[in-house]
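Peer 1: Below are the chains, spelled out letter by letter.
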Amino acid sequence: MSAFLLYWAAALALLCFTLGLACAAIRLLRGPSAEDRILALDTMYINGMLILLVLGLRFEAGLYFDVALLIALFGFVGSAALAKFLLRGEVIEP
Amino acid sequence: MNALPLWAALLVSALLITAGLVTLIGSLGLLRLQTFRERMHAPTMGMTLGAFCVALSATVVASLLQQRPIFHEWLICLFLILTSPVTAILLMQSARQRRNRPGKDS
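Those protein sequence lines, which keep their order, are chains A and B.
For the first sequence, our numbering gives the first residue as 49, with consecutive numbering after it.
For the second sequence, our numbering gives the first residue as 6, with consecutive numbering after it.
Source of the hints: derived by calculation from the structure; they are not laboratory data.
Here the structure is a predicted model, which means the values were calculated and not measured.
Treat the hints with caution; some may be incorrect.
Coverage of chain A stretches by chain B, computed from C-beta distances (three or more under 8 angstroms per stretch; other residues unrestricted) [said to hold, decoys possible]:
id, region
1, 55-66
2, 72-84
3, 98-105
4, 113-121
5, 125-136
Where is the CB? At the ideal position from N, CA and C, for every residue including glycine.
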């Protein structure tokens, strides 16, 4: 019973995260300004990280957590660097 | 997965479904809202409540299955709390500055 519940709850959560990823991808392709696209990338990495966390919970494997942590780290670095580039015109200021 | 008691399975399922729906609402808001200043606010739901619910359910499952407290999912939540305001502030500053710049209206 509990395995059944967890299976379907994880499947529904994965479906929701995937739909959110698709919404962010549409905004990434369509977004009128560059800030919209960076915001969509931000949402995409959050959604992908949540997908990996739910997969790790469902398959009971510890490796997914490391991948999710790396995605969180590098996603922040990427979107902060892109926003800084839009703000100043260069990423690392002398 | 079969070793979990029923209350834990119910709790974890409710948390996972809540996280999925909240994150989906946030991403739909990113797609459907009109101006950039409105769209700024929508994905933060997924960053806070979605990530917290998933981390709490992973903590419950791992602690019950291995019979000792396991907290490493909260590292991701701590990192998200620390870093998401930085990105939001930089993006908003950039949007303001680029809108006020003459000749380039985005």
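Peer 1: For a quick check of understanding: which of the numbered hints are violated here, in increasing order?
Peer 2: none
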